[in-house]
Each structure stands twice: as C-alpha cells, then as structure tokens.
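2 protein chains.
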Amino acid sequence: MKDITGGITAPEGFRAGVAECSIKKPGRPDLTVILSDVPASCAGMFTSNRIKGAPVLVSRENVKKGSARAIIANSGNANVCNGEDGLEAAVAMTGETARLIGCDSTEVLVASTGVIGRPFPIEKVLRGIPQAIKNLSNEGSNMAARAIMTTDTVPKETAVEIDIEGVPVKIGAIAKGSGMINPDMATMFCFITSDISISQKALRKALKIAVDKSFNCITVDGDMSTSDTVLMLANGKAGNALLKSRSRHFDTFADGLSEVCLRMAKALIKDGEGATRFITIQVTGAAGKDDAIRAGMAVANSALFKTACFGSDPNWGRIICAAGYSGVPIDENHITISINGVTLFEIGRVLPMDEKKLREEMSGSEITVTLNLGMGHAEATIYTSDLSYEYIKINAEYTT
Amino acid sequence: MKDITGGITAPEGFRAGVAECSIKKPGRPDLTVILSDVPASCAGMFTSNRIKGAPVLVSRENVKKGSARAIIANSGNANVCNGEDGLEAAVAMTGETARLIGCDSTEVLVASTGVIGRPFPIEKVLRGIPQAIKNLSNEGSNMAARAIMTTDTVPKETAVEIDIEGVPVKIGAIAKGSGMINPDMATMFCFITSDISISQKALRKALKIAVDKSFNCITVDGDMSTSDTVLMLANGKAGNALLKSRSRHFDTFADGLSEVCLRMAKALIKDGEGATRFITIQVTGAAGKDDAIRAGMAVANSALFKTACFGSDPNWGRIICAAGYSGVPIDENHITISINGVTLFEIGRVLPMDEKKLREEMSGSEITVTLNLGMGHAEATIYTSDLSYEYIKINAEYTT
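Chains as they are written, first to last, in this note's numbering: chain G, 4 to 403; chain U, 4 to 403.
Check before you lean on any hint, since a few could be wrong.
What the hints assert, rightly or not - Computed from the model, here is a short list of chain U residues facing chain G with C-beta under 7 Å:
(1) C84
(2) G86
(3) L90
(4) V170
(5) G314
If you're looking for bench data, these hints aren't it; they were derived computationally from the structure. Just so it is clear, the structure is predicted and the values come from calculations on it, not from any experiment. Positions of the beta carbon are idealized from the N, C-alpha and C atoms, including for glycine.
Chain G with its partners taken away, still in its complex shape (with noise of 0.2 Å):
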C-alpha cells in the first residue's frame, strides 16, 4: 500500500465538481458532484438513527440496486424532518444530475448535511447542479471535501494504491464531520472512490468490515445524527479481474480500505469540535469484542474524562467508573490502566505515580489510555477527543 495524492479523484475515471447554491454562507461553496464516467459497482452505510434524513431514504434504495454513476451532496441543511416535501426534493436532486449526466435517476446517490428541520432550498440547489457539472474536473477532490463542510475547520481527504494482481488499484475519499459522531456513523459523510474491479457482494463485504473498523469506533460527543452516510463507487477502471469476496486478495482490497477509512475517522476526530486532544482507548482483556467496544465507548462518551484530558488530569478513577457503568461485568480487582505508557492501576492495587511528570506529557495533542479488563482476550480500540470550552462555544452558537 502507498500514499498518492488526489483524494476521491485519484482513482481513474472519477471527476468532482462543486457548486456555491447560497444554502451555506456566500463565499462558501455546498453542492458537490462525484461523477464515475462509466456505471459503477455502489454500496452505501447508513444513520441507524429512528429518524432518517429524506437524503438516506432516497440513497438507501439507490444503492441496493448494486450500480451508481454519481453522488449528489450538499452541506447547510440536512433536509430532515420536511416530510413528502423533503423527500420529493432529494428525488428532485438524484433526477437532476440524473439528466444532466445521461443517467437514470436511480443511479444517483443523495446525502444532505446541515441544519434540521428548515424547508429544503431545491431552488437554490437544482440551479447549482448544472454549475457543478460544468466544472467536474479530476482534480476536483480537494474543492468536493470543502464543499461537503459544515463546522469542520479542515477539508478531509486521502487516496492510496494497492496492488491486486500485479495490477494497480487506487482508493480515495473526502469526509465531512466534527461533531454528533458516534458508533453508527453521526453527523459524517464519507465518500469513497475506487478503480477496482469488484462484484456487488465483495464491495459491500469490505465496506462493512472498512466501517467497522474505523467509523463505528470513534465518537466525538456521543450523539448520533439523522444523517449519516458513507458511499462508495468501485468503477472496475483498473482492468483487474474481477475481485470477489472470496477471491485470494480480498484481504488486500479490504485492508486497503479499511486504512482509507480509519484516516478519514481519525482526520474527524482531529478536527472533533473544539478538539485539543486525539485520545486513543486501547480496551484488551475482554470477555468478547462487544464488551471491549462497549466498555471503550463508555469510556470514551465520559463528559468527565473527557473534560479530564481536556485539563490533563490523570483520573483514572473517571476511567474506571465509565468502565463500570458501561454495562459491561467487571470487576476491579482483574482491571489494569495505563494513560501514555504509564501503569496507575494494576489488578486492583493503586499504583504511585509522578503526577506531575505525567501531567506534563497529558498535555501534548495525543493521550492513550489502555484499559486491561483482565476477563478474557478480546480488544477495541476507540478514538475520541476531549470536552473543551470551545465545543460549548460552537455548539451554543451553531444554527440560527
């Protein structure tokens, strides 16, 4: 595997374009279109939230016809809660750059982040969708991660080539988030392109362990929006044989993606609202790998540890009290924690430390708690970012 440059355009035969409709504040553009320029093989991961943007209706059924040519997106409303209004606008986006681009409706996916609840400008937006197909261009990923923004502070994208075969095969994606992420994907887009040649079957086999992986270990502030969405496009244009799911490089293909997507993952956190901190949770010891997520969730969702990295307090005690709420059976006397490197609690007996020293390295930008349960031999490991004033200032102020 190695890094190329070109984010979701990297990969050959996909082009990016954006549009500024005016939803977003002027000077900002919000309407992105990802153009494969032949049919692509698509499979989609969504919000498992009860209410569902009219954008994740549309594009669940879409992808489950198993090809795609393109990805409708627009940032500064959501397009939730609008009723048969919202969801005639969603399908009113697909039908657009469905004629634009010589496609059938069904073979465009949809996603919509932003405020929830306003009525959907579908004015505004189906006057962009020319605008951003006029400027498609394959290097138009960096403009497409901006365009997909709302109260991100830094575009997000990566690309890497693998090898299949002997053959070259290129991954890229630009995501979107920094607040509301959660397991199950909250207030994150994540969109995916990729040259290789893949069946329906593999693709969504490989997504789903990429996600897993990556997108449903971290979690910003544990709220979980109506909207979340990650695409992806596999357009066959790197002339492999056609990779199945149980082809001998499968794994190939899924560690590949599974690195593009945890990049993207742990580029939201960094960029998490009012972030001062990535804090990695390694939880080992458990008695099964849900234990492990569950019990690292916990840990990580904790206002109180959280707000503790935040002033670099080494409270383990905040740790093992998350722990012990999280559901997950315990017992203290088997638990073992370690903040960067340095043991505080082991099997039940506290630990001296040199509270000062430590102090000291908490408060570099990175934190790694490892959180032995001591019950078995399953791991997790979540990411997440601290609790700063600064959240607070964004998420009073956002909206209105």
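Based on these hints, arrange chain U on the given structure of chain G.
Chain U alone, transformed into the frame defined by chain G:
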C-alpha cells in the same frame, strides 16, 4: 403536607454533627454524623455501577438488617478502588462511630464521596469522629449539608410535615451532588430522616417509589458514580400507629417522601456543575413508561441539546435527533415538540416560529421541553441542566 425548617434534624429524635478532618481544604468540615436517639427502621438505595465504593458495600450489607442508629459520611475521598484497605477503612468508620454512641457496628451506615483511587485517610477520619459526635445537635442539619459537599456550591436540605391519622409526622433530608448525576443516582448522596413509625418493608417500598420518581429522573452529564447512596432512617418518635405497606395512609407517607426526594433532586440539578438553565423534559404519548424515560434521558444527556439550551437556541432538531437514537421506536410523523409552550413541530410538520421571541424566552433560567411521541399514553418527566463553559472548567480542574 406543609413545609417546615430544620432539614434532617427536623424530625424528632435526630441530631447531626460535623468535624473537620483535613481531607478537604482547611476550614471546610468534611465529616458528618447523623444520629437517631433510638434504633430506627432503615432503608437504602445504591449505585448500579459495577465498580462500587467500599462504603457502598458495607452500607448495603448493614441496611439489610433493617435497623440502624447512625449514618457516618465523609467528603473529599470516595474510598473507591482501595481494595482490602478500603473495606477495612469503611468498617473502621462504622466501628468507631458505634463504639462512641454505644451500638453494634452493623447499626451504623457509611458513605464516602470525592476522588476515586486515592488511599483513604482513615487515621484522620477516626480522629474526627469523636469531634463530630461531640457537637451533635438537633440544629445540625445545615452544617451536615455543608460537610457532605464536594463541587456543590450550595448546601441542600428540606423538610416537610405530613399528617398520618391525626399525628404530625416529619420528614427531613440533606443531599449533595452536582456532577455525574444520572439515573441510578450518580455521585449523589441523599440522607433522609423521619420520625414516622413504619415497618421496614413499608419504608423500603416508599423509598423505592420516591427515588424512582426523583433521583432516577435526573441527569447532569450522563456519568454514573461508584458511590451514589440514598439512606433513610425512621425512628418512630412521632408516635403514630405502625405504618405498613398496605396501610390506608401509606400513600400519604410515600407522597411526602417523594416530594422531599424530588425537591432534593431538583436542587441537585439547579446546582449542576456550571448549570445556567433548569431544563424539564416532559415526554408524553410513549408506548410505555420505559420508552418515555429512555427517550427523555437521551434528550437530557445529548451534549448538542444541552449546549443549544446554554445558547438559548430553539434547535428542536437536536431533540428529535436524540429521541431517534434513544432506541425507542418513534416515527417523526407522530411527533409533536414544544419549547416553553411554543409548538415547533407538530405531527411531522415544521411550524413557523418567532425565533427572536423564543430565544428571549429561552434565555431565562428555566426551559421546558414537551416531546409527544404519539405512540401511546405513557409519560415521564426528566430534569437536567445545560452544558456550559463552567462545566468544562470545573471538571478539567477538579481532583488533583
């Protein structure tokens, strides 16, 4: 039911005394003894966190006996994760108290709050017990309420008088807690006294009813502590005929006790770390009571909703979003949402609002959200606070 003064020492035959053991900063009392002159029926409810403080383990055993003379409580160190030493310290606190007042050590209930995983300063505490007992007074409630405080900014006490078959019966309480307050009573203490004559069974039943309606319906930050404790003593000094759980007047007592607990619960929220708003979430139209509580708690614990309240932002999208990920089956087309009496979303339809006016109203000290799920007839009321800069400050700097 009428309000009376005197807090926990209002009921006949109860005295309270405090001491300064230097666990907290100098000048702040940190040890409390609450004594009943005669053996009292007792009941307790404790944290459901899997990690439990040593005092929780000791008190849980002792309340099973059904009769107690005293409560001893300290603040500044929670005596959690201290292994055998911690258990010995908790037992030593009951033993020394029992020795000085002349009862069995199992007739003393114990509670500790403060930092987790610090060696417990049992020598300091043991030296303080005689002092606390020496200044026991039937006017000691307010001092006791102060001595159990940690990050609390105000002492919390209340008392009421009810009438049981013509006999005046008093119920008094003190409480502490301002962060980590969540269902199942996180890092909060509430100690309750009454001079009612009541069977152990009836006392336990009434306490469960009262706690379910009060402490289990509040949340500050979703964290649940290792030390949450509600303890109640009822010494029979009022002279009423022994109240049993099937007595005609049981409900009168249960209502009085519920009112006392609800006042304390609301006081905890009002003193919630950094709280600037008291938020009431009324969930109606739920298919069942559990659904109502779950949906309400998801909203109450949503960092996005809480920061919106801090910012006086009528962002009802964050309410429906939180309800959506609560796990409760909901359908946006059945939902109606109001904030401070203004309906913003009605059976799936966004209503126009005078946003400026509503923002002004939300800038007051109380916000009431009504969330009608439109799925049935069950209801629940959840209380919480907003999430402010001050919360971050307090919790980034607490501990160490």
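Evaluation of the provided hints:
1. C84: Holds, about 5 Å.
2. G86: holds, 5 Å
3. L90: Not OK, violated: L90(U) not within 7 Å of chain G, min 12 Å.
4. V170: violated, 42 Å
5. G314: Constraint on G314(U) satisfied, holds at 3 Å.
Violated hints, listed in ascending order, are 3 and 4; each of the other numbered hints is respected by the structure.
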